[in-house]
Amino acid sequence: MNVMSNDPYTTADGRRIGGVLMEMKNITLRFGGVVAIKDISFDIREGEIRAIIGPNGAGKSSMLNVMSGFYTPTEGEVWFEGCPRPQMRPYQVARQGIARTFQNIALFQGMSTLDNIMTGRITRMNSNLLNQALWWGKAEAEETVHREAVEKIIDFLEIQHIRKTPVGRLPYGLQKRVELGRALAAEPRILLLDEPMAGMNVEEKEDMCRFILDVNDEFGTTIALIEHDMGVVMDLSDRVVVMDYGKKIGDGTPDEVRSNPEVIDAYLGVSHD
Amino acid sequence: MTDQFLYAIEVMINGLMAGVLYSLVALGFVLIFKASGIFNYAQGVMALFAALTLVGLQKGQIPFAHLINAMFGTDIHYFGWELPAILAIALTAGVMVVLAILIERFILKYLVNQEPIILFMATIGLAYFLEGLGDVMWGSDIKTLDVGLPQGASLWAEQATSGLGSENFYGFFIDKLDIAAALTAAALVISLTLFSQYSKQGRALRAVADDHQAALSVGVSLRFIWVLVWSIAGIVALVAGIMWGAKSGVQFSLSLIALKALPVLMLGGFTSIPGAIVGGLIIGVGEKLFEFTIGPMIGGATENWFAYVLALVFLVFRPQGLFGEKIIERV
Amino acid sequence: MFYREAGDFKTSYLSDSQTFPIRFDRFRYYAVLAVAFGVIPFLINDYWASAVFVPFLIYAIAAIGLNILTGYCGQVSLGTGGFMAVGAYSVYKLMTAFPDVNILIHVVLAGMITAAVGALFGLPSLRIKGFYLAVATLAAQFFLVWLFNKVPWFYNYSASGQISAPERTLFGVALTGPNTDASVKYLVCLGFVVVLAWVARNLTRGTVGRSWMAIRDMDIAAEIIGVNPLRAKLTAFAVSSFFVGIAGALFFAVYLGAVEVGEAFGIQKSFLILFMVIIGGLGSIFGSFAGAAFLVLLPVLLKNVLVGGLGWPTDLAAHLELMVVGALIIFFLIAEPHGLAQLWRIAKEKLRLWPFPH
Chain D
1 MNVMSNDPYT TADGRRIGGV LMEMKNITLR FGGVVAIKDI SFDIREGEIR
51 AIIGPNGAGK SSMLNVMSGF YTPTEGEVWF EGCPRPQMRP YQVARQGIAR
101 TFQNIALFQG MSTLDNIMTG RITRMNSNLL NQALWWGKAE AEETVHREAV
151 EKIIDFLEIQ HIRKTPVGRL PYGLQKRVEL GRALAAEPRI LLLDEPMAGM
201 NVEEKEDMCR FILDVNDEFG TTIALIEHDM GVVMDLSDRV VVMDYGKKIG
251 DGTPDEVRSN PEVIDAYLGV SHD
Chain Z
1 MTDQFLYAIE VMINGLMAGV LYSLVALGFV LIFKASGIFN YAQGVMALFA
51 ALTLVGLQKG QIPFAHLINA MFGTDIHYFG WELPAILAIA LTAGVMVVLA
101 ILIERFILKY LVNQEPIILF MATIGLAYFL EGLGDVMWGS DIKTLDVGLP
151 QGASLWAEQA TSGLGSENFY GFFIDKLDIA AALTAAALVI SLTLFSQYSK
201 QGRALRAVAD DHQAALSVGV SLRFIWVLVW SIAGIVALVA GIMWGAKSGV
251 QFSLSLIALK ALPVLMLGGF TSIPGAIVGG LIIGVGEKLF EFTIGPMIGG
301 ATENWFAYVL ALVFLVFRPQ GLFGEKIIER V
Chain U
1 MFYREAGDFK TSYLSDSQTF PIRFDRFRYY AVLAVAFGVI PFLINDYWAS
51 AVFVPFLIYA IAAIGLNILT GYCGQVSLGT GGFMAVGAYS VYKLMTAFPD
101 VNILIHVVLA GMITAAVGAL FGLPSLRIKG FYLAVATLAA QFFLVWLFNK
151 VPWFYNYSAS GQISAPERTL FGVALTGPNT DASVKYLVCL GFVVVLAWVA
201 RNLTRGTVGR SWMAIRDMDI AAEIIGVNPL RAKLTAFAVS SFFVGIAGAL
251 FFAVYLGAVE VGEAFGIQKS FLILFMVIIG GLGSIFGSFA GAAFLVLLPV
301 LLKNVLVGGL GWPTDLAAHL ELMVVGALII FFLIAEPHGL AQLWRIAKEK
351 LRLWPFPH
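So the sequence lines, in the order shown, correspond to chains D, Z and U.
1 is the number of the first residue of the first sequence in UniProt numbering; add one for each residue after it.
1 is the number of the first residue of the second sequence in UniProt numbering; add one for each residue after it.
1 is the number of the first residue of the third sequence in UniProt numbering; add one for each residue after it.
Calculated directly from the structure, the hints in this document are not laboratory data.
Hints may be right or wrong, so weigh each one.
[Said to hold, decoys possible] As a list, the in silico DSSO-like pairs of lysine-lysine whose alpha-carbon atoms are at most 27 Å apart:
id, chain 1, residue 1, chain 2, residue 2
1, Z, 109, Z, 200
2, D, 138, D, 152
3, Z, 143, Z, 247
4, D, 247, D, 25
5, D, 152, D, 205
6, U, 10, D, 152
7, D, 138, U, 10
8, Z, 176, Z, 247
9, U, 303, U, 10
10, D, 164, U, 348
11, U, 93, U, 150
12, Z, 176, Z, 143
13, Z, 34, U, 129
14, D, 164, U, 350
15, Z, 200, Z, 34
16, U, 10, D, 164
17, Z, 59, Z, 176
18, Z, 59, Z, 143
[As the list claims (entries may be wrong)] Far from chain D, by Cβ distances over 10 Å, these chain U residues were calculated:
id, residue
19, 104
20, 213
21, 286
Remember, it's a predicted structure, so these values are computed and weren't measured experimentally.
The beta-carbon is built from N, C-alpha and C at its ideal position, and this holds for glycine as well.
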């Protein structure tokens with residue numbers, strides 16, 4: 001298995017991994033004097049599940065924020081679909097086909113599940129204000145078309161029963177699922193998941209793993225996820241980047257990473273004498 | 001030095017004095033915002049209410065006389081005695097403390113953990129209520145407030161500066177009241193700073209300002225702190241009410257200075273005491289100078305809006321305010 | 001008993017997202033419309049029109065407008081009075097400059113001018129958030145009122161500085177001016193209310209409404225999932241100001257006939273409409289109506305009881321009214337922060353199960 005070359009290949013379970021979709025080139029991110037990310041490069045290939053792991057404060061979330069366009073890197077470039085990404089606002093990045101979830105749930109608490117997921121499709125809607133004001137022509141047609149797409153996602157995530165419930169009333173695990181639905185609704189090229197399993201019990205974690213695998217398998221969506229639960233990550237992902245103190249200390253298949261001495265040091269601790 | 005320039009300086013000095021009063025009201029806002037995260041719109045009305053109460057007590061007015069007369073057909077107005085100013089001030093301070101307790105007891109207690117916007121709206125309701133209450137209690141006619149503060153032009157300042165310009169320049173006109181106000185404000189700020197830095201309650205107050213939950217968990221009584229801070233804000237309002245009332249009479253427009261304190265807060269930041277003071281001075285000087293230089297060209301009365309537009313423009317370029325730290329957004 | 005969704009099966013997504021999904025609600029809505037158009041115009045007299053119905057309808061439009069901005073998009077505005085003034089002065093300039101064009105068109109145009117002004121004052125909302133923005137909108141309030149006071153062009157150089165609406169007719173019936181019939185005033189305002197409420201409903205249930213609410217609930221997350229914050233906020237400011245501008249135009253041209261800007265559109269008006277929105281319920285169109293009704297009726301009621309009934313002086317009644325309004329606002333915020341609309345919603349939830357609550 002020639003994981004480190006860029007040729008397409010097929011995984012053991014029959015998923016097709018394509019060429020490089022997104023590439024981080026020498027990313028550095030500073031806040032004033034604090035260096036959150038230091039000269040990190042890695043790539044994400046089409047169709048794969050890519051994990052970024054590391055202890056708390058390693059800079060994983062900052063990395064995801066750079067990928068989703070929320071932070072602009074101090075140095076370095078983000079390449080997407082073979083071109084460097086110019087300076088753009090987060091919503092423009094979203095329109096390129098990058099969707100994400102958040103570590104602390106960032107759902108729209110005042111809206112129903114349905115409306116939350118419908119909002120996820122906003123990048124694909126373009127009827128004008130007048131049409132919408134009169135509920136007429138394109139606006140009405142658009143609403144129906146997108147509702148159908150959203151209903152498919154609702155079926156897929158098995159949340160039909162909470163379709164019209166305000167999300168603020170939902171339990172944590174379901175909220176996480178709705179948030180995944182909102183990101184999926186955009187039909188993204190890359191789906192970024194920020195600690196999708198954080199704070200879940202074992203059953204909820206298993207459910208979430210299944211959904212992530214199914215998304216990747218059925219929709220062929222490329223997924224990049226952050227997690228600090230090593231066990232889950234190793235089972236789930238094709239390749240893993242390991243970060244510690246803002247630096248990359250490992251990159252490769254789960255097996256390679258697991259046997260990397262630096263990674264073992266970072267996770268198990270080692271006496272530096 | 002040309003006379004025109006000297007007049008501009010005079011305008012500036014008077015602006016500084018007006019700014020002191022804005023700062024005083026803004027200070028009350030900042031205290032409450034820091035300790036409870038509440039944007040207290042009623043601060044200005046509290047100043048009005050305090051001034052009304054002070055005048056009423058001093059003159060021996062019967063509270064609610066208007067209402068009692070209407071209900072029972074009587075015709076009562078005054079008790080017939082007058083209180084010395086210092087006693088009346090002390091009693092009014094007491095009333096403001098009672099008011100703080102009532103506000104905590106009947107409003108804040110029920111609104112813990114509500115969104116800031118809800119609390120803000122509640123204080124607007126409070127402002128309306130207090131405005132009505134002040135009028136019903138003491139009547140809505142314009143009252144003069146005299147607690148023995150020096151008034152009139154400071155001859156000393158006038159004489160000292162009269163030699164600066166030509167024969168037509170008679171020296172700076174500075175109201176003694178303004179000087180008194182500036183000194184009082186300075187004393188107030190210093191004592192508040194000492195209180196919050198060196199007393200036990202002050203420490204608790206700063207702890208609450210930093211983190212409610214953490215302060216609660218180490219045993220600080222949130223309710224006590226709220227009463228405390230609203231009392232202090234009430235007394236600051238009383239001071240502002242005395243100064244402003246002595247200057248231009250006790251009337252409804254007094255509560256509008258509260259609105260002027262808002263742009264001050266935007267400049268200085270909602271949580272910074274130095275910010276409130278510097279912001280107040282900038283607004284005071286800025287609006288007087290603008291009215292002096294540009295005002296005549298565009299029809300005057302620019303003081304109505306200048307402060308707000310200045311704050312708006314300033315914030316567009318520096319959203320964190322004068323003394324705020326750069327905001328790093330997180331998700 | 002009749003209030004049921006059982007048996008009312010939706011067969012298309014469109015019918016599922018309609019305004020009144022429950023049949024009983026639809027019937028009630030049509031019944032209200034029928035009474036409003038078919039019964040009230042024949043019964044209305046000058047007192048009821050000018051004390052209750054016309055101000056209620058106009059304030060309802062303004063409240064819907066502010067609710068779009070504050071309740072749906074989360075941007076608190078204290079500049080509503082100023083924007084109403086823009087609507088009023090726009091319609092005044094339009095109706096005096098182009099007397100031959102239909103007044104109804106002028107009112108809509110006045111709304112559009114206000115929308116442009118509103119969007120302009122909305123620009124800072126991209127950088128300024130929360131309370132800071134609320135204070136920034138005060139700049140609009142005070143500056144606009146000052147402008148209309150100080151620049152004689154706006155009031156056509158009239159000696160009093162007031163503006164007064166000349167008579168304009170539609171099919172020979174006076175819509176503005178002193179000879180306007182009470183029922184005509186009422187019907188003009190009612191027509192605008194019905195159309196605008198329908199437009200507001202359409203906007204808030206569709207794409208743009210969702211982007212507003214997303215910005216309201218969590219602006220950063222909204223931007224990251226693809227909501228353009230500039231577009232969302234500016235459309236909210238523009239649409240809100242459009243409504244408020246129409247309300248201002250009607251307030252001047254149809255309701256009062258003559259206004260002085262500081263008196264009619266001062267900061268107190270901004271607060272009054274904000275209170276309507278809060279008491280009625282943020283983020284609810286029905287709430288805007290409820291809040292407007294409440295705050296229009298309350299002073300009328302108090303005045304009738306205190307002045308008419310008990311014979312107290314008017315100024316005392318006005319002060320007591322301030323206290324009552326203030327206390328009620330606090331009471332509502334404590335008892336039900338989501339306003340009358342939420343009470344209504346809860347009542348309906350209960351009704352759906354009544355008389356078998358289990």
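(request) Taking the numbered hints from earlier one at a time, note which ones the structure violates and give those numbers from smallest to largest. (result) 9 and 20
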